[in-house]
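Visitor: Protein chains in written order, with this note's numbering: chain A, 1 to 152; chain B, 1 to 152; chain C, 1 to 152; chain D, 1 to 152; chain E, 1 to 152.
It cannot be assumed that every hint is accurate.
[Stated by the list, open to error] No farther apart than 20 angstroms at their CA atoms in a straight line, the calculated lysine to any residue pairs in the SDA-like style are these: (1) D:Lys69 / C:Leu112; (2) B:Lys140 / C:Glu100; (3) B:Lys2 / B:Lys110; (4) A:Lys72 / E:Glu102; (5) D:Lys69 / E:Ile70; (6) B:Lys69 / E:Gly103; (7) A:Lys72 / A:His99; (8) C:Lys72 / C:Leu109; (9) A:Lys130 / B:Arg34; (10) D:Lys140 / E:Lys140; (11) D:Lys140 / E:Asp21; (12) C:Lys24 / C:Met127.
Since the hints were derived computationally from the structure, they do not count as laboratory data.
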Amino acid sequence: MKIGICDTTFARHDLATAAIDEIKQHVGNQQFIRRTVPGVKDLPVACKKLIEEGGCDIVMALGMPGPEKIDKNCAHEASTGLINAQLMTNTHILEVFVHEDEGTDQKDLKILADNRARSHAQNLVKMLFKPEKMRREAGKGMREGRPDVGPL
Amino acid sequence: MKIGICDTTFARHDLATAAIDEIKQHVGNQQFIRRTVPGVKDLPVACKKLIEEGGCDIVMALGMPGPEKIDKNCAHEASTGLINAQLMTNTHILEVFVHEDEGTDQKDLKILADNRARSHAQNLVKMLFKPEKMRREAGKGMREGRPDVGPL
Amino acid sequence: MKIGICDTTFARHDLATAAIDEIKQHVGNQQFIRRTVPGVKDLPVACKKLIEEGGCDIVMALGMPGPEKIDKNCAHEASTGLINAQLMTNTHILEVFVHEDEGTDQKDLKILADNRARSHAQNLVKMLFKPEKMRREAGKGMREGRPDVGPL
Amino acid sequence: MKIGICDTTFARHDLATAAIDEIKQHVGNQQFIRRTVPGVKDLPVACKKLIEEGGCDIVMALGMPGPEKIDKNCAHEASTGLINAQLMTNTHILEVFVHEDEGTDQKDLKILADNRARSHAQNLVKMLFKPEKMRREAGKGMREGRPDVGPL
Amino acid sequence: MKIGICDTTFARHDLATAAIDEIKQHVGNQQFIRRTVPGVKDLPVACKKLIEEGGCDIVMALGMPGPEKIDKNCAHEASTGLINAQLMTNTHILEVFVHEDEGTDQKDLKILADNRARSHAQNLVKMLFKPEKMRREAGKGMREGRPDVGPL
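Given only the sequences and the hints, what does the whole structure look like? Please build it.
Guide: Take a look at the structure:
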């Protein structure tokens, strides 16, 4: 399997390294292609190119939108673009966004960012290699980067 | 008929099982293809793949967006993507979203979630097998998961 | 001319019957194709299918979004999808949405809904059969379902 | 050059006539194709048809969105559609929207509407016939319908 | 390499000249194609044409949205269109937007605008000529036009 990993210079934590490390822990060495772009709005086309030009079977798009209203708009535009890129390629792109205002302080934010990247990396592993495991977790209130809330 | 059912691990109730059970009660065994993805933003491409790669005639996209502003944004982006996926395939995808803040408490939310999944499953049955029944309900103020409000 | 009429079971008034009646009053019998779907978010693909599979020359998309914030979001997503469906088919789809909170009471809302459906039906007649009449009304402050406000 | 002009019956001023008059004053008679549609949400497909079916080299899309929240939503959906129509055709569509709440009173609004239509018509002339003139105005704080604010 | 540069007459600073100057300082003379359009909503199709008709390998889209709510909407619509243009062409378009309300005063805004254009120009240089340098900056909290915030 060929896995694309795309992150940004705007982010304040190296989400890509965490994600790749987590994937390797679960399924050993895979073929990775990494790209870094300036910000989250540059992710959609970069991910699409990883799929169409780089031949990736799945891609992770990692970013950390800022805390302001304008940053929220950027994140929304990026997310819309990432969904469109998936629809145009029939390929999953797992969006891993950590908003800067999600942490109680910088330390908490850093832990959250690392955990979320690893949690989504585990999702990628399940989607590629253990779809029956993901299906057993359907409706279980899973969360990425924070404790699961569980089913009702 | 081949029916796609796509749900999420983020959801806090097994909407897919309720939907499939309801369809079977009305029209017996059909060919189902189930997929589970992490969250609602992963649904659009998963549903499109069920149609284009899995050969489904119709798909249900089931999810439970969280209660926060950011969750509402995710739901909006997912809905936009689901509509685009339909337009690209000329195939209906019935969106079944239950927002976590729709329930008065967890018990009420669970009942609502189950009812809504079943109600949309009934819609699917009508659209596939009894379009004339759906047409007779045009303008009748039907609701999914809550009591119908009826016509003016 | 082949006219597509698509409405919903969510709506609380039979907008489609009003629209068809109005068209017939102005230009006699035309070839109509009717479809009913659950809600406004199901309209875009249904209308696109009426055009591409049903051969319709124009379509009316009729719906009554609810009064809550979430209903407004649904209406926005549906409208975006309806515009995309038009762009993908180079065919007009006249959107006829009546929001539940537009009426002063249920009676007023019902009258408004009926009037708006008929007013848009008149627009359809002009677009198909009397484009020069519509052009003479350019910039005239026309309104659908309420009195025209007129030019400045 | 073939110029498409598309306006609405919802608008309260004849923006199209102002725009055409202004173009003629600057570059004499051109080949114009006019279309009138009910509202701004009907503009995207109408403009796309002017390009793809009418052979227009450029189009003006003129409308006057109302003052309410719902009107702002319509304008947003229309603008999104107009940008999509341009991307699908590789052809410029100049959007000329005058919001009803932009004027201090009806008289001011009418003057603004007329001025803005003429100002965008001048832009069209520059884009088609004098691109070097438009380039010299880059970063100059030009405004349409109100006095230019100038560079910082 | 062929670099497209697209800016607006609405902007209040000559962002394009700053960007081109910065690129030249880093990598000497390149082949530039410049286009100027009225406002940010005209950028998406102009950039797509620079790619598809002008043969550009990458494009910068420079604009200065105004401070009002309506200007924020325009910026959002333009950003969405710029992402779509990238997805349709598999080519990066670097968006350089400076909002008029970002500056503490006109002098600060002018400095910010010039710095941001130059900072994004440096990003372009890295993306085209030094991708390994951009990758080393992944997760480093880089900012354009303001001091970097650094990693957590």
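Visitor: It remains to establish, for every hint, whether it holds in the given structure.
Guide: Against the structure, the hints:
1. D:Lys69 / C:Leu112: holds (19 angstroms)
2. B:Lys140 / C:Glu100: holds (14 angstroms)
3. B:Lys2 / B:Lys110: Answer violated: Lys2 (chain B) to Lys110 (chain B) is near 28 angstroms, above 20 angstroms.
4. A:Lys72 / E:Glu102: holds (16 angstroms)
5. D:Lys69 / E:Ile70: Within the cut-off at roughly 12 angstroms; holds.
6. B:Lys69 / E:Gly103: Not satisfied, since the Cα-Cα distance of roughly 28 angstroms exceeds 20 angstroms.
7. A:Lys72 / A:His99: holds (8 angstroms)
8. C:Lys72 / C:Leu109: Holds - the C-alpha atoms of Leu109 (chain C) and Lys72 (chain C) are around 17 angstroms apart, at most 20 angstroms.
9. A:Lys130 / B:Arg34: holds (14 angstroms)
10. D:Lys140 / E:Lys140: violated (35 angstroms)
11. D:Lys140 / E:Asp21: Holds. Lys140 (chain D) to Asp21 (chain E) sits at ~19 angstroms (cutoff 20 angstroms).
12. C:Lys24 / C:Met127: holds (15 angstroms)
Of the numbered hints stated above, those contradicted by the structure are hints 3, 6, 10, listed in ascending order.
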